[in-house]
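*Asks:* Chain order of the listed sequences is A and B.
Under the numbering used here, the residue at position 8 of the first sequence is numbered 205, and the numbers go up by one with no gaps.
Under the numbering used here, the residue at position 262 of the second sequence is numbered 272, and the numbers go up by one with no gaps.
Don't read these hints as lab results, they were simulated from the structure.
Even for Gly, the Cβ is constructed at its ideal location relative to N, Cα and C.
Misleading hints may appear alongside valid ones.
Derived SDA-like pairs: lysine to any residue, alpha-carbon spacing no greater than 25 Å straight-line [what the hints assert, rightly or not]:
(1) B:Lys-219 <-> A:Lys-245
(2) A:Lys-316 <-> B:Tyr-327
(3) A:Lys-245 <-> A:Ser-227
In silico contact screen, one side only, chain A against chain B (beta carbon under 10 Å); selected entries [claimed, not checked]:
(4) Leu-284
(5) Lys-316
(6) Pro-318
(7) Met-326
(8) Ser-328
(9) Leu-333
(10) Asn-339
(11) Pro-342
(12) Ile-343
(13) Pro-488
(14) Leu-494
(15) Gly-496
(16) Ile-499
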Amino acid sequence: MKLNKIFNLFRAFFSSNSPLVVLILMIILSSLIFPNFLTRLNICAIVKQYSIIGFLALGQLLVLITGGIDLSQGSMVAFTSIVVAVLMEPCGIFISVTVAIISSTFLGFINGFLVSRTKIPPFVVTLGMLSIVRGLALTISNTKPISINNDIFIQFGKETVFNVPLIFIVWIIASIILHLYINRRKMGCYIYATGGSEESARLSGVNVRRVKLFVYTLCAFLAAIGGVIWAARLRSGSPIGGSGYELESIAAVLVGGGSLFGGVGSILGTLAGVLTFGVINSSLNMAGISPYWQGTLKGIIIIIAVVISQIRLLRRDRN
Amino acid sequence: MSRTSFWQKFRELLSFENISLFRVTLIFLLMIFIAAVLSNGVFLQLENLLNIVKQNTILIIVSLGQLLVIIIAGIDLSVGSVLALSSVNFVIFQDFGLVPAICLSLLISLAIGFINGLLVTYGRLPAFVVTLASSLVVTSVAMVVSKGGTIKHSLSGIKLDDKISEFFKGSIFGVPYPVIIFIFILLIIEFFLRTRIGHFTYAVGGNEKAAIISGIPVNKVKIIIFMVASTLAGIGGVIFVLRVGLGNPQTGGNIPLDSIAAVSIGGASLAGGIGTVPGTIIGVFTLSTLSNILNILNVSPSLQYTFKGIVILMAVYLNSFKKE
Numbered sequence: 198m199k200l201n202k203i204f205n206l207f208r209a210f211f212s213s214n215s216p217l218v219v220l221i222l223m224i225i226l227s228s229l230i231f232p233n234f235l236t237r238l239n240i241c242a243i244v245k246q247y248s249i250i251g252f253l254a255l256g257q258l259l260v261l262i263t264g265g266i267d268l269s270q271g272s273m274v275a276f277t278s279i280v281v282a283v284l285m286e287p288c289g290i291f292i293s294v295t296v297a298i299i300s301s302t303f304l305g306f307i308n309g310f311l312v313s314r315t316k317i318p319p320f321v322v323t324l325g326m327l328s329i330v331r332g333l334a335l336t337i338s339n340t341k342p343i344s345i346n347n348d349i350f351i352q353f354g355k356e357t358v359f360n361v362p363l364i365f366i367v368w369i370i371a372s373i374i375l376h377l378y379i380n381r382r383k384m385g386c387y388i389y390a391t392g393g394s395e396e397s398a399r400l401s402g403v404n405v406r407r408v409k410l411f412v413y414t415l416c417a418f419l420a421a422i423g424g425v426i427w428a429a430r431l432r433s434g435s436p437i438g439g440s441g442y443e444l445e446s447i448a449a450v451l452v453g454g455g456s457l458f459g460g461v462g463s464i465l466g467t468l469a470g471v472l473t474f475g476v477i478n479s480s481l482n483m484a485g486i487s488p489y490w491q492g493t494l495k496g497i498i499i500i501i502a503v504v505i506s507q508i509r510l511l512r513r514d515r516n
Numbered sequence: 011m012s013r014t015s016f017w018q019k020f021r022e023l024l025s026f027e028n029i030s031l032f033r034v035t036l037i038f039l040l041m042i043f044i045a046a047v048l049s050n051g052v053f054l055q056l057e058n059l060l061n062i063v064k065q066n067t068i069l070i071i072v073s074l075g076q077l078l079v080i081i082i083a084g085i086d087l088s089v090g091s092v093l094a095l096s097s098v099n100f101v102i103f104q105d106f107g108l109v110p111a112i113c114l115s116l117l118i119s120l121a122i123g124f125i126n127g128l129l130v131t132y133g134r135l136p137a138f139v140v141t142l143a144s145s146l147v148v149t150s151v152a153m154v155v156s157k158g159g160t161i162k163h164s165l166s167g168i169k170l171d172d173k174i175s176e177f178f179k180g181s182i183f184g185v186p187y188p189v190i191i192f193i194f195i196l197l198i199i200e201f202f203l204r205t206r207i208g209h210f211t212y213a214v215g216g217n218e219k220a221a222i223i224s225g226i227p228v229n230k231v232k233i234i235i236f237m238v239a240s241t242l243a244g245i246g247g248v249i250f251v252l253r254v255g256l257g258n259p260q261t262g263g264n265i266p267l268d269s270i271a272a273v274s275i276g277g278a279s280l281a282g283g284i285g286t287v288p289g290t291i292i293g294v295f296t297l298s299t300l301s302n303i304l305n306i307l308n309v310s311p312s313l314q315y316t317f318k319g320i321v322i323l324m325a326v327y328l329n330s331f332k333k334e
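Build the full structure now, drawing on both the sequences and the hints.
*Replies:* Shown next as structure tokens:
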């Protein structure tokens, strides 16, 4: 009897977190096929590599929940890394990182301002910003990558705590904070309401404009942290880095149960979505499949994931 | 009769309903004026204008396809990849002769559009997701086929005729081929939008439910539009080979977003139902005139990205005043 209850609890948890099930199945499958998969080295490599996309995906999730989209993330990563690299020599870690994050967040604020105050669709606003920010990054760096020689900063990209990469821990902590924030706070409720139906949210007294402003600003802030980590890991700032990251983060959110139409998505699902791509990438490499084919598999996985979430939504609507 | 209709048209143009395109046209003319003044008239010389058309033939052709997809409230992120694959295919199929090679690579592009359309209509998936996924798939296929680099040899190892890029410099009666292709495709799409399917296209984008109720075969229309858009991207790939003389699996990276920007500047709405061929042409030329001006002013290519973004935002902002 008790076992049945526990079983039911499990079922309820996993049926509402199907991306997590997919991730666990993928991990089991990969570790059965490749004995080297579940080694500490490999897992560390995966989580290190995907922590950056992870930060972007957290921001992208919030924006997608409100029914918007942020295409400027990849450029923001490049811009942040360049600002950090340029200021690292003369000003030191603290100032360079702070200035980089504040300036990127300000650019995100402009995104939010334009989306909330004008009728320009979010797609076009952030498309324009993609171009603007990339141009700034290229101009500041004179189109050349800039190397970073600060040992403490570089160590931040390599540091491990109890054998767990520090940047992964930072990502997980950020996810937990965001999870608590959007589930326990009024603003989280407003974000979902805005995406569910903007009109009804507005009529029930939600300040939709402020919600949007907040979400795009926060998204750029998270992208900036991603950019700082990127710079620490690659020991340089690159003006052409991070291109296409915005699409990867969108794909991760979609695989994690989010929707382009807004109103749905969860932090847990997004984490699973990001790591699913990491696991797939790693096992494809282990299988020795040519990197050229990996795009095909990624594309098919995105389609399958979205079909699954679509079916789930249909079922929910029927109930 | 014709006079009144002309005045009516003119008044319509000035009225609030059509003001969006009118404003963008003004911006465009202003930019041409600036360019002409800055360059001491060199900008307006026939040679320069022909050059601009030549440089933008591919983007215009792809943008017209993007326009159709945006009118049905969709979006096509796969056009760049389809362009790249088509350029690779065209080179690979050289063995069969020039025309069969073109036909084959266009057929493959058509098939990709068909699959996109099927997934969007019968698969009920958002166009953004479908075309994002198909762009990944198509790019990776192009990479596999060409082994990751540019390609000049066909399947059986025949090298692409070096003279193939001569084609693009040729002309009939003094009119260069690229201009002829450009006008030809422009007219076809304009004509297409005036046919029955064209009217259906606007109806589907404007209000899908109403379109379904009025008996319009919505799914068929959508699939056809995706097929047309992909085929146009395929034509872009063929023109790329004719111009550059090789196939490149990595070309066209900026094409999807550039074409969406051009279509948006041209007054189309991403929400669907609105958009015109002249608007799109103006959109493409606004962007190219801008880069011309910036080149004359000696602005570094890096900073040009920034100005491009600002102009996209400004133009679409001016478009966004719609009749309430």
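*Asks:* Each hint should be assessed against the structure and marked as holding or not.
*Replies:* Here is what the structure says about each hint:
1. B:Lys-219 <-> A:Lys-245: Judged against 25 Å, a Cα distance of about 47 Å means the pair is violated.
2. A:Lys-316 <-> B:Tyr-327: holds, 7 Å
3. A:Lys-245 <-> A:Ser-227: holds, 18 Å
4. Leu-284: Because about 19 Å separates Leu-284 of chain A from the closest Cβ in chain B, which is outside the 10 Å limit, the hint is violated.
5. Lys-316: holds, 4 Å
6. Pro-318: Given a least distance of 5 Å, the restraint on Pro-318 of chain A holds.
7. Met-326: holds, 6 Å
8. Ser-328: Cβ of Ser-328 of chain A sits 3 Å from chain B, so the hint holds.
9. Leu-333: holds, 6 Å
10. Asn-339: holds, 8 Å
11. Pro-342: Violated. Min distance 14 Å.
12. Ile-343: violated, 14 Å
13. Pro-488: holds, 8 Å
14. Leu-494: holds, 8 Å
15. Gly-496: Holds: closest Cβ of chain B sits about 4 Å from Gly-496 of chain A, inside 10 Å.
16. Ile-499: holds, 4 Å
The structure fails hints 1, 4, 11 and 12 (numbered hints given earlier, in ascending order).
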